[in-house]
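Enquirer: One letter stands for each residue in the lines below.
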Amino acid sequence: MKTKSEVTKLLIEVRQGSKEAYEQLFPIVYDELKRIAYSNLQQERNDITLTETALVHEVYLKMVDQTKVKAENRNHFMAIAARCMRQILVDHARKKKAEKRGGDQQDITFIDGLLKVHQQSMEVIDLDNKLKELSKIDERLAEVVTLRFFGQMTVYATAEALGVSERTVKRDWAKARGWLYKELKKSE
Amino acid sequence: MGDLDWNRVETIVDQALELPEEERATFIEQKCQGDEQLKGEITTLLESISCSEGWLENPKNYQREFYQEIADDVELLSSGRNLIDTQVGSYLIKEKIGEGGMGAVYLAERSADEFEHRVAIKIIRQGQASKENLQRFKREQQILAGLNHPGIAQFYDGGVTVDGFPYIIMEYVDGVPIDEYCRRSNIDLDEKIELFKKVLEAVRYAHENLVIHRDLKPGNILVNSDGKIKILDFGISKLLESESHESSLTLTGARLLTPRYAAPEQVKQQNITTATDLYALGIVFYELAAGSGPYDLENQSPYEIEQIILETNPKKPSARTQIPGRSQKLYGDLDAVILKALRKQPENRYRLANEFLDDLSNYQQGLPVSAQEGTFQYRAHKFFKRHKQGAAAVVGILLLIIGLTGFYTWRITEERNQAQFEAERAQQIKEFMLSMFDRSNPDMANYSGREQSTTEMLIAGMQKVEDELSNRPEMHIEMLASIGDALSNIDEFEKADQALTKALIRSRKYYGANSHQTADILSDLANYNHEIQQYEEAENYILEALAIDSTINGEHSESLSDKISIYASNQFLQSNYHRARQLFLEADSLDKVFGRTQTPGYHTMLANLGETELFLGEYQQAENHFLQALNFYTNYYDSMHVNIAMTQYRLGMLHHYRSEYKKAETYLLKSLDGYKTLYGAYNSQLSSNYAMLARTYRLLGDLDQAHNYALKDADLTKTLFSDTSAMYAKSLNNLAMMQKAQGQLKAAKNNYEQSLLLYQQHLDSDNPDLAMPLYNLADVLMDLGNYDRSHDLIKRVVEIDKAKLGPRHPEVGIDLNKMGAILTKAGHFAQADSVFAEAEGIFLGKFPENHYRIGEYFVNCGILNLKQQNHKEASNYFKQAIEIFNTNFKEDNRRIAQAMAYLKKSQQAAVSSANQ
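In the order they appear, the protein sequences are chains A and B.
Going by this note's numbering, the first residue of the first sequence is number 1, and it counts up by one from there.
Going by this note's numbering, the first residue of the second sequence is number 1, and it counts up by one from there.
Just chain A, with the same shape it has in the complex (with noise of 0.2 Å):
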């Protein structure tokens, strides 16, 4: 793993603009974000409630030096974040759909319990592909949509993320989930 310092120098690279940077701080964030997210619920992190914000949290506690980055670039390491939470709930709700034929686990990793806070896989892997949709439509919306509902950010950080205004992402927010809504109804 990455030391605080050089994770914290990648975030500041990727908010100034470095597609390379972006590229290598992914799967780092990624990694960390699996291993809690799969660390097992009952002995590790009973104290931590259910949430992404938490999970994300955590895990930028635990990667990035916060006295040498700024709020901004804070919200950038949090879209990321969100767009590997995303790809971590969907891929565990995937797993788990198959299991369901098969065999009958307890949910006993913190990913389970976010999935159950989801409504179950199904409601998530839909949303996936339909976000997946979206993004061939307005990538931008799909963007918003992923930071905001997986990453559980607020309207101010995605802003700030996103490089638009508040504005713009309330109204983005608001078309977004009324295609998706309308879509998944017609898929039903």
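One or more hints might be untrue.
Partial list, computed: chain A residues near chain B (C-beta under 8 Å) [what the hints assert, rightly or not]:
hint: 1; residue: 4
hint: 2; residue: 22
hint: 3; residue: 30
hint: 4; residue: 137
hint: 5; residue: 139
hint: 6; residue: 171
Worth flagging that the hints you see were computed from the coordinates, not collected in a lab.
Ideal Cβ placement from N, Cα and C applies to all residues, glycine included.
Guided by the hints, dock chain B onto chain A, whose structure is given.
Expert: Just chain B now, kept in the frame of chain A:
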């Protein structure tokens, strides 16, 4: 959709969203220019947007969004520098609105287009946050964020800045402190009471949510421009306090407090409870009502102030007020109400905001207040006061006489034969009591000049008895004993003790040490000592009473029964269950002989006997007695009564012990309902009910419910009795048990350790009650692999339980079973074997057939045999265990699965060793 231009759709939707709803249709019509497909797409999307409002969002997160934004930025602030004009989230810090011992408070404003909003940000510069405290700090914040009441300034968020200072974001309140408001607006006493009741209502809400303020004072109670109260900083001092007393986030509460409003227990740094808040409010109300506080604290050193708070009894507000005409209004009820809030011992104060509120409402309506307590003299007095004018005074006199008749028959039932004497005495008592009332009745010649409280009247009465009745010994003794009982009723324990002791001395002298009068006073003293938990003292009194009674009346008299019953309770309270049962049975047979079996008193005795049997493991008898009592009570009382709820609870306990968990659940839920109906959702009685339900659900396999009830209990006891109390120790123990069931071994171990520590602080090292926390800790340590310490602990448990319950009690069997398991795990097979041998007789002889504990015992025996390579014996044990478990549990129970796994293992081992 593919052939539609998304950009066009999006542009029109964006514009439509900016329009008021009623204008949208026309707008879309106009934009689409007859393109029906485009129009349809836009309309559906707009509909979906409004239908999906809130979807994909956690509403709570959404609400708190703005505050989290600020929080994110405040965390990155360095609190040392000037913060004015700093942007935090979408808020701008405008000005510093306060600076105090704790730190600084800033006003931040948001003025985005949608709405304007202000918040207060408090940065605390007392000490640094340590990592261990952060988790707890966050937990407490969640609780505070859940407090939503118009009288409480809303808590939004909190955290720690980069340089380690805790901060809090809360509702900004534009108002003035309540004392200043009262001065400025010049409102009268009745309006002040109304305003103060609003404060009590807000505090009641917080208390019901198990949050204690800990630092109530006028500066924290603001009145805004609408005349509405808002309490600031609820729970903040708790938020900043650390779990252990040494390493705190800030200095502990006591040091930060405003001494003027600090309760004695805060000065002594002892348990903080709801009564602590009500004390502070008592001082605030005192100041509002009388114009100044109860003590002169100006120019006193901190040490002197502490001594005053601890030692000096507050003067009555009516005696201290300088406001013209106020003294008369305060005199009597308001004096009593305020002084009850200020009692030195928290348990003698108002414990619930509701009681305080009720008393103020009663005062406003001219009804009796509880602070004066319901003795008939007081009620009569109250009656006079309300009906001073008019003919109703006659009714008042009648009421008095009725009261006196009750009074006189109550004291002297067994002296029916002395009719002559009684008539004379009743007359004397009546005259005496009337003259007491007259002292506070301005129309009477011997009016003492002012009205009096009950306590005062009783104490004055005691003096009068001393002065005027010393030449009439019967009256003298009778009155002293009655006054003693009355004082004990209103929790004036020292005075009650004085009166009863005096009555005893006089009675011994006059009637003789061996008189039934003396014996009765001795019984009174025993009951009184039970009330103050002096059980040994109580035992001495009741033994003497019994000796006297049996000397006079022989071993089988009717009057002996009550005394034997008191003695039995005494033995029960001292954990001597065998003796207690024997005594209850004696009382029972006397009551039967004298035909006194159709009274609530007799059934209370029966239920107590049942509880004793429960403790002795005699479940069938216990059940019979409980059911008998419950049947009687349900016919006897019209509505829910504490006796019904209590008996249901005991039945729940019984079924729990007998492993009949569904039945236990039913009774426990009934009694929970009953207690809630009787005393509200917030009373100490609920604690054991919650705890028992948690255990029952654990054994029913519903671990979530179990954990849920255990948490409810811990929260309740922590708030009602504080986190150093024995009650809290009990709750922690229970909570740990549920955590262990959920597999959280380390969390369970920590809570068990803390619980044991608290128990040891409260109990002597040989106290039987230590067995439970010791056993539990031993159990979890075994699971964690610490066999040595585990064995040491269980050894002490066995010693304690054998001494307390006898060497063949079921409880001892359970202990031995655990000890054997520990020894097996530690590899001490020979020792384990002899321990199991000792346990065998108990399990087979003392437990009901097929009790699951026997199954657990067989499993442990099996494991030992497996380890010793006795595969055949091992298999036999496991088979027997499975058989028993099958009669107790559903097939997916982990005990069954575990035993099956062991059986398989030992059968395989048997095969492979046979092959070798």
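Enquirer: Against chain B, run the beta carbon of residue 4/A and see if the smallest gap drops under 8 Å.
Expert: violated, 15 Å
Enquirer: Is the shortest C-beta separation between residue 139/A and chain B less than 8 Å?
Expert: Nearest chain B Cβ about 11 Å off; hint violated.
Enquirer: So, as I understand it, the hint says residue 22/A touches chain B; can you test that by seeing if any CB pair is closer than 8 Å?
Expert: This interface hint is violated because 22 Å lies over the 8 Å limit.
Enquirer: Can residue 137/A be said to touch chain B, with a Cβ gap under 8 Å?
Expert: At about 5 Å, which falls below the 8 Å cut-off, the nearest Cβ of chain B leaves the hint on residue 137/A intact, so it holds.
Enquirer: Against chain B, run the beta carbon of residue 30/A and see if the smallest gap drops under 8 Å.
Expert: violated, 23 Å
Enquirer: Should the interface hint for residue 171/A be scored as holding, given a Cβ-Cβ cut-off of 8 Å against chain B?
Expert: holds, 6 Å
The structure fails to meet hints 1, 2, 3, 5 from the earlier list, while all remaining hints are met.
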